[in-house]
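*Asks:* Sequence:
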Amino acid sequence: MKVVPRPVKVTRVLALEEEFEVPELHQKGVDLVLELLDVADHPGSLPDLETRNLLKRAATTLSELLVRDKPAATRMPGQGKP
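Just so you know, we're using the numbering used here here: the sequence shown kicks off at 322 and counts up by one.
Heads up, a few of these hints could be off.
Unchecked claim - Listed next, with one range per pair, are the computed distances between beta-carbon atoms: (1) His-363 x Pro-392: 32 to 40 Å; (2) Thr-372 x Pro-392: 27 to 35 Å; (3) Ala-361 x Pro-392: 29 to 37 Å; (4) Pro-392 x Pro-368: 18 to 26 Å.
Stated by the list, open to error - Result set (SDA-like, lysine to any residue): computed pairs, CA atoms no more than 25 Å apart in a straight line: (5) Lys-377 x Gln-348; (6) Lys-391 x Pro-364; (7) Lys-349 x Arg-389; (8) Lys-349 x Asp-359; (9) Lys-377 x Asp-352; (10) Lys-349 x Thr-372; (11) Lys-391 x Leu-353; (12) Lys-377 x Pro-364; (13) Lys-377 x Glu-356; (14) Lys-391 x Thr-372.
No lab work stands behind these hints: they were computed from the structure. These numbers were taken from a predicted model, which means no experiment stands behind them. Quick reminder that beta carbons are idealized off the backbone N, C-alpha and C, glycines included.
Modelling step: build the complete structure from the supplied sequences, incorporating the hints.
*Replies:* Here you go:
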């Protein structure tokens, strides 16, 4: 079965951004990178459902980081703080 990635909804990500302070979001990213590296070193170690969930968490966290770090010049009004 071919997995087709779905785009992350920006509105959902913007709402999530408000929930995380900078250190919490950074730590979430660090933890996720370590988990991704572990899975990459042991392919097939996770069932398909867990792998999909891990990839969705990675996409959501990356989206949160990108929204947070978006340059002020390209940020739309009401899109959160840098």
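*Asks:* Please flag the earlier hints that this structure goes against, numbers listed from lowest up.
*Replies:* 4, 6, 14
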